[in-house]
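Assembling the complex is the task here: the two chains are given apart, and the hints tell you how they should meet.
This is what each chain is made of:
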Amino acid sequence: MATETQTPAAPALSRKDFVTPNDVRWCPGCGDYAILNSLQRTLPELGVPRENFVIISGIGCSSRFPYYMQTYGFHTIHGRAPTVATGVKVANPDLSVWLVTGDGDGLSIGGTHLLHLLRRNLDVTVLLFNNRIYGLTKGQYSPTSPEGTRTKTTPGGSVDHPINPLLFALGAEATFIARTLDNNPKHMVETFKAAHEHKGVSFVEIFQNCVIFNDGAWDAVYAKENRNEQMLFLEAGKPLLFGKDKQKGIRLNGLTPEICDATAPDVLIHQPDHASPLYSQMLANMTLPDFPTPVGVVRSIQRPSYEQQIHGQVLAAQEKLGGGTWQELLHGSSTWTVE
Amino acid sequence: MTPATRGFREMKSVVVRFAGDSGDGMQIVGERFTDTSVTVPNAIATFPDFPAEIRAPVGTIAGVSAFQVHFGSQTVLTPGDEPDSLVAMNPAALAVHLGDLAEGGLLIANSAAFTEENLKMAGYGSNPLEDPELQKKYDLLSLDITGLAVEALKDSSLSHRDKLRTKNFFALGFTYWVYGRPLEPTIQFINDKWAKKLPDVADANIRVLKAGYFLGETMETTRNRYMVARAEVEPGTYRKISGNDAIALGLIAGAKKAGRELLFSGYPITPASSILEALAGFKHYGVKTVQAEDEIAAIGVALGASFAGQIGVTGTSGPGMCLKSEFIGLATSTELPLVIVNVQRGGPSTGLPTKTEQSDLLQALYGRHGESPLPVVAANSPSDCFRAAFEAVRIALEYSTPVILLSDGYLANGSEPWKIPDESSLPEIHKPFADPSQPYVTFARDPETLARTQAIPGQPGLEHRIGGLEKNEKGGISYEPENHAEMTRLRAAKVAAVAKSIPPLNVTGERTGKLLVVGWGGTHGAITSAVASLRAEGYEVSSTNIRYLNPLPPDLGALLAGFDKVLVPELNSGQLALILRARYLVDAVSMNKIMGRPFRVNELRERILQLLND
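Here the protein sequences come in this chain order: A and B.
So for the first sequence, the numbering used here puts the first residue at 10; every next one is plus one.
So for the second sequence, the numbering used here puts the first residue at 157; every next one is plus one.
Only chain B is shown next, with the shape it has when bound in the complex (with noise of 0.2 Å):
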């Protein structure tokens, strides 16, 4: 099923959004298109956007689920602002997208599901298929995918009620017509899941989705297609890659550069659980895991871990963070590695469990009592979380310390194609042990690392105690004020130290002019590809995105200082800004989102081209 290129219109890229209600199976097909489209090969790049609610009432606004896809032929780092194309299945789910449509955009519905109490239900007092606006604005094609599905199941056995099942895979036959994509991938796909145990299903979701894309190939009308090139990929072996995966794969990469084994103990929740889910395939590797019964229980566990010599890692977001800050300090004083994960989500409290924010920064530099500094990391893509996660394992055994990584719910859930790197090209994670030979010192310090090292259970010899009550370097409990003082400063003379092995910051643009755009974490992708299509209209702007975020790289204050303005979008009320201003005494604007949906590349363009024009 060669597309033919005749009759196509040709795109540099295409966003896509499926959306219908959570039980209509909108991230199923859309994983399928992703995963086509990888394969011709596409840059790509998704955003799955579901509801808190496992299912909503079927109809309901609440109930909408979609999944966006963005494949192009160029580089594509955001799953895009807008879509060119909406596949809504019902009511509520084009009154929950629509708006986001391009004017112009191909607009499938599912007619069949534009009942009255549907309409009703989502809040539409008429029929807007029918609406001659709607017409006009939108290239509407409106399908009765549902009955369609049915009728091309007419002579299956399956149930009414399973035929009614399969009209997901309609809507992505239809789709892969429209844009001339392969159909074999998604034919092995439900071959795999369903061929052996279920073949009826399967033959039913082949036949449905082959309907779908015959659809199109005979209707009569002549309808637009779109293709999108092969894109110029640098050569290399790639595999797709959500944040979370990567960041399992990160955690375990380090524990074996380290050769210690990884004990990922964690609680379920929103959107960190599928970390140790993920861990929990990996037990070959030696991968030991834990879920507790509280956010409180799961650090400890990982802190006993790193006690008894392994490489201790907890998982969570927002709300489980403040549960685990009391063992965070622990941590802290008694200078364990630990690797604390926070998928941040959109807070105070249970907030909007699955959407993102990048609200918890300051939490994480400051939300301790006492003096109680610790490295902090963010990854600022999918596949990035795989290097970030092995960073903070890295600065966690080296240094003798606790580590947030910082990731969120959009980079969690996203995912985007990963060049599989070659595991030389990581580096050896070295620990500090004490000597089995030498009497044993609680708070001996690598001199260059300032790393207390360890002794483990086990280690004849070198039997020690350790506690949150303050000690002196020999490992007693001291109340003297000197040397509270003394280990204060060390502490955070250790975490400083860090700063030794951080790489210089990347930039996009030269390193002085006009206006920096300084962003954290999961921003990334939205403000590159801002600055880079300005910079390609020839404005004069640079960017940075910064990984280490305690402590800051070494080189970012000369960085601000060669430029004229300083530009910093977050999503969040201006938390990096703070810092920034506060350390660097740099006037630095702040740009903030606060709706739990990420950057659009098109409002930080507009932000940027305000500044430069003032």
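Bound conformation, chain A alone (with noise of 0.2 Å):
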């Protein structure tokens, strides 16, 4: 490794560990503060010495993130954060690597890059706050903007068919795909966790309000009024249930699920390892009106990671080779003297 990196008897960190001087400038009330706390609230229990942790960012609103975590971090450009991850990871595989991005940075100018990011299974976590909006520009909409969306570039409604974050990660073939909500500090605290301890890449959709251009824009959902008809918490092993009392549930019929009593015997049960893509396809389709919407953990699986087998085929490669000379380096295989 090229860092010293040091594993002394760490010393115990808290949330103020990883609070910055710097004055936090989003609007008030902005989705953001909660995300902030919450992940401060976390990183002080992974174990991990701070100085591990490096949180690398792209452009736009919640791209400011690196700013408020007392941690290294890199605010990069637009959409390129994964790629700015990808090397720090594969230089120093021992660093917890963050990625914060949003829906235009992470879906739109970096979609190819975040793509490549979860295919290849890079051992970081990204988190896309997804506000369905482009706020640091003023509110245009952002490609997760439903049809029809009025902004000051749609003035009579958008026509783009929006992104569905999961379907996303899934066809990437991302290891671990979850949702969270802004409103909920103890599951998104949960959530982060889960996402650290998996190995390989952890995508975290996290639905986040903008006070300003999008204000409400998770209501139909997470709104007081509408939480317990709308969400469906996902816990592993557990039978999927909603409504107010868990009186109702999700079963296949045939390859479509359907809303049925919490008491049918074929109510599925929440496998996130289950081998087959199809069940984690059905989870992340399930949107308004016709389902309630997922929340948590939709897929966890295994595949080795990309830094990891980067590293191995160095020292395969050493192991068999030796560490290389300057003899080796400068001669190779061919030379010949001139007396």
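Possibly wrong hints are sitting among the right ones.
[Said to hold, decoys possible] Which residues of chain B face chain A? A partial, calculated answer using Cβ under 8 Å:
1. 194
2. 195
3. 197
4. 389
5. 395
6. 438
7. 439
8. 450
9. 452
10. 457
11. 463
12. 464
13. 465
14. 579
15. 616
16. 624
No wet-lab data here; the hints were simulated from the structure.
The model shown is predicted, which means the values in this text are computed figures rather than measured ones.
Cβ coordinates follow ideal geometry from the N, Cα and C atoms, glycine included.
Here is the structure:
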């Protein structure tokens, strides 16, 4: 490793160890505050020395995140954070790398990079703040905005079909896919911890409200009056139940899900490690108004990570060929001498 | 098989060009002829010239592939202007290359390929080999190379198709006879390549190679044979090296001298891909390679590695440079070490992917948004790519800055003998890192180099944030007008400070006089050859090659001022000339060539003579 990683008996860390003196400059009431707070509560509990955390972001409101975390951080350029995260993690696999992005940054300008980060299974955690709007540029529709969204650039309503972030991640065969909510700190902390523990790439979509340009972005899902009926909390090994008294369940009718009574014998049991992506896809596809929105860990399977395999090839080559000498480097396989 | 000197005409240097269809194996025989000649030893330089299409339709002009070898008993700095011998394996190869053949030159043609259909595809109305004019103008030797190769294999178990594929070795064997070269190195090569897995193929190629050689010995007609004596070469251990391989080694050497690991991240692009390919074979040196999803990702990965404390390098060619420019701006703003290799090719856009040009100089210097100066270094020969790459790594680390290394297609694919340097002749590289016992200041600078001291993730107590937003010295975001002005000034001053570490310019000839020829990059060999030959004839002319294009060498201004005239030959429309005129108020004369090909020594000589006589 290139860095002088130290592993002393790590002193216990607390939330305040992760707070920077910088003024946080999000709009009052922005969902990002709650996410920041939850991450600052999560990191001290992971058993990782503070100096080993690296937070990398692109451009956008969410991407200001590194400035507010007392860790190593890199605020990069629009859409390209996954590439920098790849370089950091490949260079030093011991680091705990967190990538903060938004719906525009991660799924529009940086869609390619996110796709490749996910399919390579780099062991980083991706937090995608989805507020379905371009906030920092003052309110243009985003790739996750529903069809018909009226903004300054779409006065007649947007005609683009939106990206479903979970389906995108599944299409890239991400090994860990989850969804959490900016109004539920407890759930965020639990989800962030599970994402960190997963070896390989972790993709977490966070429903986030933009109080200025898209206020109420997720109210249809998580407002007080809707949350019981419109959300399905996923728990491994537990049945898929929802409703005020968990009176409703989800079962399969052929290849299609349908809502049934919670007491039905064939209510599905949540299996995030289900071998078939069909199950994850069924969950990812469940949206309003026909189905409740699944929240929690949708998928968690195992596959070797990219940086460990690269590192392994270096070690294998060194084992086979030695550490590489100047003589071999400069002389190569064929030389001649002139007297 | 020691060649007898009897019957040979002694030559100081010879240029041989092998040309054929891209499936005819011309690159292989060119490489073999080169490897054989370096063992003589001869001074040598090569120039492969192949089409952008992997397999254009057989027999067409578009599918012609060629390899030129220049070997001599004295210094050889270029692959040569015009071939003394041309091996043409089909009519299309003849049509493309005959115009270059020196009058009276040896023309070996594979008559079997001059069929009606092939002649038509090459645009010939009649068979040029039967043209009395051609026979008068050149020393034509029309041989049924295909038939003779197949005949030599009449007992072989190979399929007819595979027999046909050996014809390039027949042409090679005959050419060896003409120039009295030994067969052993090629036989060794064939055995190494095929003897184990495909013994029949090895056997067939050796038989055909020998058949070609023996044809020369048994031919009834007396042919001219040519002898190039051993070159007086500086004693030492040598290897043959191409520009892109030399870049790979220079990058590793730089990383080793700095005690950093190298991470190279690239996206396949002609003519830069072979750097990534070469480095992928050096994993045991701790080299990590990433084939990224695109050009932007490639530089992002490299920058991430540099942020994590390694040395990140990316490589590409012109179109890729355009895609990387936003990231180069970020590297400039965050002041992280990074090397960006641009193996230039003909542009704009896809342009001429396999041809050479020097037209990205202004892009390297200025092709970014905002005030974003960075050091630019250029290699001047295939083997010099090693030292240029090493220098790029040194400057990137010692000054904590992105550096652009300019090479070109001509250097990348060309190869020459390289006197292997001693490891101890390479300087140590000192990278400024933060002191963990002191509070970390993100933009604290080394007083000498003005380099930012870097702290690396994993170092306790030095946690900090960087990014593309303008910062103050402590690393805080700042929109203050005075701070922006000061940081802009500091970034420029740091790049300017690199000049203190630049050695004095190398000058061929006197440092004052009538005419100075100023070049940069891969034109070095042709310019030096032209100037050296004119000086030997008594002309008052000097030349220099600029390696450091930003900042420019401190002694350049005085050198320019010492001459009546300055000529700047470039494979572009006058980009360095523009800089020299602006910077030094010198009335530099531009000489330009934008044809995808390097300068010929003769065209440089003519232009220099014109200026001297004006």
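Right, here's what the structure says about each hint:
Because the closest C-beta pair between residue 194(B) and chain A is about 6 Å apart, less than 8 Å, the hint holds. Taking 8 Å as the C-beta cut-off, the interface hint given for residue 195(B) holds, the closest approach to chain A being about 6 Å. Among the interface hints, the one on residue 197(B) holds; its C-beta lies about 6 Å from the nearest C-beta in chain A, closer than the 8 Å criterion. Interface restraint check: residue 389(B) against chain A, minimum CB-CB distance 5 Å, threshold 8 Å, status holds.
Because the closest C-beta pair between residue 395(B) and chain A is about 5 Å apart, less than 8 Å, the hint holds. Proximity of residue 438(B) to chain A holds as hinted, the smallest CB-CB distance being about 7 Å (cut-off 8 Å). The restraint placing residue 439(B) at the interface with chain A holds, with a minimum CB-CB distance near 4 Å, inside the 8 Å limit. Below 8 Å, beta-carbon pairs count as interface contacts, and residue 450(B) has one with chain A at about 6 Å; its hint therefore holds.
Restraint check, residue 452(B) versus chain A: the minimum CB separation of about 6 Å is within 8 Å; hint holds. A hinted interface residue such as residue 457(B) counts as satisfied when its beta carbon comes closer than 8 Å to some beta carbon of chain A; here the least separation is about 4 Å, so the hint holds. Interface restraint check for residue 463(B): the shortest CB-CB distance to chain A comes to about 6 Å, inside 8 Å, so the restraint holds. At about 4 Å, the closest approach between the beta carbon of residue 464(B) and any beta carbon in chain A falls short of 8 Å, and the interface hint on this residue holds.
A distance limit of 8 Å between C-beta atoms decides the matter here; for residue 465(B) the minimum to chain A is near 4 Å, and the interface restraint holds. Proximity of residue 579(B) to chain A holds as hinted, the smallest CB-CB distance being about 4 Å (cut-off 8 Å). For residue 616(B), the suggested interface contact is upheld, since its CB lies about 4 Å from the closest CB of chain A, less than 8 Å. Satisfaction of the interface hint for residue 624(B) is found here, the shortest Cβ-Cβ separation to chain A being roughly 6 Å, below the 8 Å cut-off.
Against the hints set out earlier in the document, no violation occurs for any number.
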